[in-house]
Each structure stands twice: as C-alpha cells, then as structure tokens.
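Enquirer: This note's numbering applies: residue 2 is where the sequence shown begins, and numbers increase by one.
Treat each hint with caution, since some may be false.
What the hints assert, rightly or not - Think about it this way: if two alpha-carbon atoms lie no more than 25 Å apart in a straight line, the pair counts; the simulated DSS-like pairs of lysine-lysine are:
#, residue 1, residue 2
1, K88, K75
2, K95, K111
3, K662, K594
It should be emphasised that the hints constitute simulated quantities derived from the structure, not laboratory data.
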Amino acid sequence: MTAPLLVELFTEELPPKALGRLGEAFAAGIEAGLRKRGFLEEGSGCTVYATPRRLAASLTGVRAATAPRSVEVKLMPVAVGLGPDGKPTPALLKKLAASGLEGFDPAGLKRRVDGKAETLFADTLAPSVPLVQGLQAALEEALSGLPIPKVMSYQLADGATTVQFVRPAHGLVALHGADVVPVTVLGLAAGRVTHGHRFQGERDIALANASEYADRLRGQGGVIAGFGERRAAILGALREMATREGASLGPEAEYAALLDEVTALVENPTVYVGRFEREFLEVPQECLILTMRQNQKYFPLFDAEGRLTERFLLVSNLRPADPSRIVHGNERVVRPRLADARFFFETDRKSKLAERVPQLATIVYHGKLGTQLERVERLRKLATRIQMKLPRGARGMPYADRAALLAKADLVTLMVGEFPELQGIMGKYYAAADDEEPSVVRAIEQHYWPRFAGDHLPDGDVSIAVALADRLDALAGLFSIGQVPTGDKDPFGLRRAALGVIRILVERRLDLDFHDLVRLAFDPYKAQTVVELEEFVFERFRGYLRDLGYTANQVEAVVSQREGRFDLVPDRLAAVVAFSKLPESEALAAANKRVKNILDKSGRSMGVDPALFSQDEERSLHAAIDRMTPVVDEHVAHARFEPALVALAGVRGEVDAFFDKVLVNAEDLAVRGNRLALLTGLERLLNRVADISRLAA
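Let's have the full structure, built from the sequences with the hints guiding it.
Expert: As structure tokens, then:
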C-alpha cells in the first residue's frame, strides 16, 4: 500500500538567513533516505515546506513497507570458508550465523572470483522492512546532514537529557496517509498535531491525514507553509503596492537577498506603505537604502529615474483590521536610523578626504603587510606604473596617483565605520564635495569594481589602473606571506580578486601583459612566489572561460600557452573553435600530439640542416614549414588567429607523409638530431595560436 507521507519538525524561530537551505536539505535528506531504502515508488514527488517555526516535507507514493527482495551476501574467500575436504570451516559457519543465514545449506553457496581470490556468496531473501524503521533512519540522517550555521544545546522536559539542534524543537508530526508513524527524534514522539500562526491562527491543528497539511495550515493556522509560495506571494504584493504608489522596487538583484530573509521571518505576510521626511533625501541615497534594507528589512521605493523616494514598503507578520499602528510604529523606528545616517554624512563632510589619509596609519591591513597607509603607498606606485601602459599614459599619471592616495581614505569616516558596505561609494561623494578631478572621483568608487560575478567593470584609465593595482597588490602581498586559499577557504577573497583582474583585462580589451603586471606587483615584496600566483590566476581563468561555454579541451589548448595578453584569449579560442570544424583539424591535432610526445621524450633541437635530408618527405615538410611560417606569423602579429589556424591546414599532407615514411629516431645521431630539429620547427608552427595537440581525443 502506498500513501502520502508528511514529516514536520516544529521549532522555535529558525535563523532567517539559513531557513531556505535548511528546508531544502531537510526534505532532500528524508527523500534520499527513503528512496535508497526502497520506500518510494517510481515518480514519487517531494514538496518542501519551511516557515520561521517549522521544517517539513510531503512525499507522494510512499510504501508502508518494502517488499521482500533477493540479495546476494558476500561471505569470505573459498580457501578460508571451505576445508580441504570441501566442508564448511567454523569461520564460515560463524559468518553465516552473523549474516542471519544460520542453517543455510553450504552446498547452496556460489563461487565467483572477486578481486584476486575466489569468494563464496549466498543468495537469500531480505525480509520486508516497515516504514517506521526506514523513516527513523532517514529522519536521523536528514537531521545530521542539515547545514546548521550554529548548533544550540538545550535540555528536554525531563531536566536531565541534553540534545543539540539549530533551535529547540517542540513538536514532531509523521503521518502516512491517516496513520501516525511512531518515530522519535530530539526527544519528541511523532503525532498528528501541528500548530498555526502564533497570534492569528489556531494553536493546535489535529491533521486527519498527510494530504491536508498545507490547506489546513493556511485555512485554520493562518500560515503559508511553502517557502517558495510565501516568497512569491510577498514579491507579488510588493510589486502591486509599488505600482499603486507609482514607484518601483529597483533592480531585483539588489533586493533578492532581503526578500529571502523577509520570507523567512513571516508566516502570513502582509505589505504596508510607510513614509519618512523628504529632507532625509539630502543624504546620499545609498546610505538610506542600506540602513532601510539592512537594519529595518524595509523595501525602499524609487521613482522612474531610479531616485530614492520618501516611501518604503514593510512586510508584516500581522494582519489587523486597522494597520495604522503597525505603519506608524515602523515610521517612528526608521526616523532615528535615517537621522544617524544624516549625522554621519554631515559630520564626515567637515573634513576633506585628503586630510583623512594620515589616519590610515591606525588601521592594520595585515600583521605582516603593514597598515592601510603603507598599502596606499604601494598602490600609488603600482597604479601609476599601470597607468603608463594605458592609452592616456603619462597624462593620466597624476590622476592615478591622486586616486590611489584617496582610494582608502573613507575607511576612517563615520559612515563607512557604521556601514562597511559603503566603502568607495562614500569616498566618491566626499571627493566630489572636495572638488576632486572627475576621473579621481570615479576611480575612488570604481576601484572596488567588480565586487561580485556579473558586476560592473571600472571605466576609464584611472579607475582601471587603481582597480588592477588594488587586486594585484592584494594577490602579490598575501601570496608572498603564504596566505594562499586552500580548499573552500578564502578569507581574503583572493579568488574574487583574481577573477576581477581577469574580467578587467579581458572585457575591457586591455593591451596589457599579465606577466608584466604580476612582476610589477611583486616589486615591494621579498618573497617571490610569481609562478604560484600566476598558476592560481590561470586556474581561475580556466573556470571563467568554461563558464563562457568553451570545452575543457578548447580552454586548455589556449591557456596552457600561458598567454600574457588575456584580452586576446577569446579571439584565440574563437579561432580554435573554427579550426575544430575543419576536416584537417583532427589529423593535425593528432599529429601535433605525436610531435609533442616525441620531442618530450627525445628532446628539442634547433637548426635544421637540409644537407642531412635523405628522403623527399623530409624536404617537403621543411619546405612547407618555411612556406607557412611567415604567413602564420603575419596573421598572429595582427591578431588574425582564425586565418592563421586555417592556413595550418595546408601542411596536413606533408605532415602525414612524413610520419608515414620517415623514421625520426634514426641510428645516425646527426640525422636523428636534424629530424628532431625539423619537428621542433613544426611544433612551433602548429602552436603559434594554440596547442592544438590538446584537441586530440
């Protein structure tokens, strides 16, 4: 018999930022545990529920018990289980008893080679397992596998037993159809009673069967149990209210995390409009937006031009007949927060940004790398040297130097002290108020770009120079003291810094050599871990290119060349993709792989002597290389990579003929060396754009 299964764990308020993950993991753990034990029918589905006070899962097609099934039990090697007379040894009889096969006729054992030894196996019938046994194991596994941010220890009602969980648990429901499954966990015995909204729903709701869970909670409990359903309801209500107010919520990516958090704070959401005084809008809107979203969990509203308005939306867990007290109460609470932001801004503006730079000496950047002021001096030198390589060159140097000097000055302001997320943004406002040159103002904010995947890139020479300097100095400095990311640990965000360098070089199409930039960044440091840092960045580069849709072989064909001009790598990859479609590509890739293997084993030689050729195939290949080299070099010099690779198809015939007729490792050492030199020249020609041997299957 199959029926729906409901499992609910009722708790005290769960951590909101983790609720979505906890709900998904709880349901997935139960489903996986039941499926591997054979309790779920083919096509069985699982619905996830998660509210501030519960984790639950509903599954369809759940068996009351597993069917008996045939299993094969591995016993022991024949040499151990059977004596010279072929009769079972005491060890075998003991193993049979331990496996529940006491009384099994040894004559019915099967023999099969397993690994290096012939082994004994027994066919038997595994008995049916009741759901209570399978669910108990699955539930325990699900709880142990939850991504709990911090575990709490608490005592049960007996005053003696201590258990650990993310929050104290107070109720357990386990229903298979209309029947309670008598499992226990965290000191709780399963029943059929769930609980509604703390203030606006029935306290106790006795479920008749598993299928009515969501409807009964919504109707009698005042609770939308599904996290996704509740999130969609909140988003719909927010958008409807914003439209009614003639405003918008802004880009969804900017409030998506807040929406998830608010969804985890309410069980029966309602949206209301609040207002504050217009004079607060004199403060930079980023400050007001951050304090409303971060501290108050409000959704600011914007006009058609994206400017902040004096209105905001709040999501309440209550739905009274008269919501005015809720609205006025939230308006009262937000005013002091906005007043604080205004005070910080006005106080900060009393000092010029440049006057704050010496205070950076009081902030330690890293114990082994000095203060922020010392770091600023490194950034100034590195940024100006990078600026010299950019289009504006020396004309932009004073601005790059000034921007690097002021880039970190807002770290000592009151506003950034309160809201670290505003570093760079506040520096931009303060620099503009100080009448700094526009490119300097932009660079102070944009040197932090990109902050995350898909974020904007810095625009203009000065911003780019300081942004690259900031990331390269962090990478070089931290690598020089051994602070290299390991596993999933990256406390200094070096993977993000590396990806930022890659994106700026590639997507801004900068004519800069990565290897030169790394050497410049390492100038102030004694430890020279250039190779390790470069390999770290190239590994991030591989991932970046694969995310663009290139295959691992295509990426490796280009990245293995360790090309310093990152901006040209996409063009090289496009050429590789086009080359792969040519009929000659497979044969040339295989030939190049063969050439590489021969040269790796026998060594590379320089200087071909045509007088040592003894076969026409050698002469033909040499002539083809001489003919094609200037053509390919000309294309590569002008970044015409696709024509360069297409031209290589013209040497396929000579390459095939050479390998068909010529023995490279000739007995005559001079002839052998000459042929290796010929192959060295062929390898150079074939690899001018990419290592096409990587394309060979």
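Enquirer: If a hint holds in the structure, say so; if it does not, say that too.
Expert: Hints versus structure:
1. K88 x K75: 18 Å, holds
2. K95 x K111: Between K95 and K111 the Cα gap is close to 18 Å, so the pair holds against 25 Å.
3. K662 x K594: Judged against 25 Å, a Cα distance of about 18 Å means the pair holds.
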